[in-house]
Amino acid sequence: GQNIDQPTEMTATEGAIVQINCTYQTSGFNGLFWYQQHAGEAPTFLSYNVLDGLEEKGRFSSFLSRSKGYSYLLLKELQMKDSASYLCAVRDNTGFQKLVFGTGTRLLVSP
Amino acid sequence: GAVVSQHPSWVICKSGTSVKIECRSLDFQATTMFWYRQFPKQSLMLMATSNEGSKATYEQGVEKDKFLINHASLTLSTLTVTSAHPEDSSFYICSARSGQGNNEQFFGPGTRLTVL
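Going line by line, the protein sequences match chains A and B. Okay, so the first sequence: first residue is 1 according to our numbering, each after it adds one. Okay, so the second sequence: first residue is 1 according to our numbering, each after it adds one.
Derived from the structure by calculation, the hints contain no laboratory data. Mixed in with the good hints there might be a few duds.
In silico EDC-like pairs for lysine to aspartate or glutamate, Cα to Cα no more than 20 Å straight-line [said to hold, decoys possible]:
hint, chain 1, residue 1, chain 2, residue 2
1, B, Lys66, A, Glu55
2, B, Lys41, B, Glu87
3, B, Lys66, B, Glu87
4, B, Lys41, A, Asp82
5, A, Lys68, A, Asp52
6, A, Lys57, B, Asp65
7, B, Lys20, B, Glu52
8, B, Lys64, B, Glu52
9, A, Lys81, A, Asp5
10, B, Lys55, B, Glu87
11, B, Lys66, B, Glu104
12, B, Lys41, A, Glu9
13, A, Lys76, A, Glu14
14, B, Lys41, A, Asp52
15, B, Lys41, B, Glu104
Just the calculated beta-carbon pair ranges, DEER-fashion [what the hints assert, rightly or not]:
hint, chain 1, residue 1, chain 2, residue 2, range
16, A, Glu41, B, Ile12, 38 to 46 Å
17, B, His85, A, Met80, 21 to 29 Å
18, A, Glu9, B, Glu63, 45 to 53 Å
19, B, Glu22, A, His38, 19 to 27 Å
20, B, His85, A, Lys81, 21 to 29 Å
So, partial list: chain A residues that the calculated Cβ filter (under 10 Å) puts toward chain B [said to hold, decoys possible]:
hint, residue
21, Thr11
22, Thr13
23, Gly15
24, Gly40
25, Tyr48
26, Tyr72
27, Leu87
28, Gly102
29, Leu107
Given the structure is predicted, the values throughout are model-derived calculations rather than measurements. Beta carbons are placed, not taken as given, at the ideal position from N, Cα and C, and that holds for glycine.
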């Protein structure tokens, strides 16, 4: 089975740094994705990790530890427009390579 | 990135009617398409996976006779919600994968279904 957990909500201040954690227990693993989703819109791709370590992409970084079943998304220099839901998703290693999403974290950035 | 479209973007229907939602990959051939449902303030829940030319594979708890999926071509998949009820009101999102490169999934803009 699949179990992917994230904190439900987080708040942070504009200009600050926030870390959103994701823990997972899955029957198969072929990569972990982070998506951003604004209300009423489709998810947009942020990052992808398949090997252990940190992937940096501008203000966003994502870390993966496969042995611990753990990932985090780090957002730096927060802006008001970063207020959104952040979804962690694990891709399985079956033929379909399904993406299974975590519970999602709603981030509110305040002035 | 690749583009996936959905039609309609929103639909309101009466209870008991059927609604068809289309998902198209506009600039690539999608060997696999996925259908998700998202209730307010919740994450995406995978409903089913479809491969072109074969029957869809449904996730546990999803009624295949109620949510009919057809993947007739490499660029089109449809989801038909049959005999819709108010509890089917949700945001339905499709995604498509090309089967090439890193197999990234590209998401459609979603369809908001409201059943009265």
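Going through the hints against the structure:
no.: 1; hint: B:Lys66 / A:Glu55; in the structure: violated, 41 Å
no.: 2; hint: B:Lys41 / B:Glu87; in the structure: holds, 15 Å
no.: 3; hint: B:Lys66 / B:Glu87; in the structure: holds, 13 Å
no.: 4; hint: B:Lys41 / A:Asp82; in the structure: holds, 17 Å
no.: 5; hint: A:Lys68 / A:Asp52; in the structure: holds, 10 Å
no.: 6; hint: A:Lys57 / B:Asp65; in the structure: violated, 43 Å
no.: 7; hint: B:Lys20 / B:Glu52; in the structure: holds, 18 Å
no.: 8; hint: B:Lys64 / B:Glu52; in the structure: holds, 17 Å
no.: 9; hint: A:Lys81 / A:Asp5; in the structure: violated, 24 Å
no.: 10; hint: B:Lys55 / B:Glu87; in the structure: violated, 25 Å
no.: 11; hint: B:Lys66 / B:Glu104; in the structure: violated, 29 Å
no.: 12; hint: B:Lys41 / A:Glu9; in the structure: holds, 11 Å
no.: 13; hint: A:Lys76 / A:Glu14; in the structure: holds, 10 Å
no.: 14; hint: B:Lys41 / A:Asp52; in the structure: violated, 30 Å
no.: 15; hint: B:Lys41 / B:Glu104; in the structure: violated, 25 Å
no.: 16; hint: A:Glu41 / B:Ile12: 38 to 46 Å; in the structure: violated, 19 Å
no.: 17; hint: B:His85 / A:Met80: 21 to 29 Å; in the structure: violated, 39 Å
no.: 18; hint: A:Glu9 / B:Glu63: 45 to 53 Å; in the structure: violated, 32 Å
no.: 19; hint: B:Glu22 / A:His38: 19 to 27 Å; in the structure: holds, 23 Å
no.: 20; hint: B:His85 / A:Lys81: 21 to 29 Å; in the structure: violated, 37 Å
no.: 21; hint: Thr11; in the structure: violated, 16 Å
no.: 22; hint: Thr13; in the structure: violated, 23 Å
no.: 23; hint: Gly15; in the structure: violated, 27 Å
no.: 24; hint: Gly40; in the structure: holds, 7 Å
no.: 25; hint: Tyr48; in the structure: holds, 7 Å
no.: 26; hint: Tyr72; in the structure: violated, 17 Å
no.: 27; hint: Leu87; in the structure: holds, 6 Å
no.: 28; hint: Gly102; in the structure: holds, 6 Å
no.: 29; hint: Leu107; in the structure: violated, 13 Å
Violated hints for the displayed structure, listed by number in ascending order: 1, 6, 9, 10, 11, 14, 15, 16, 17, 18, 20, 21, 22, 23, 26, 29.
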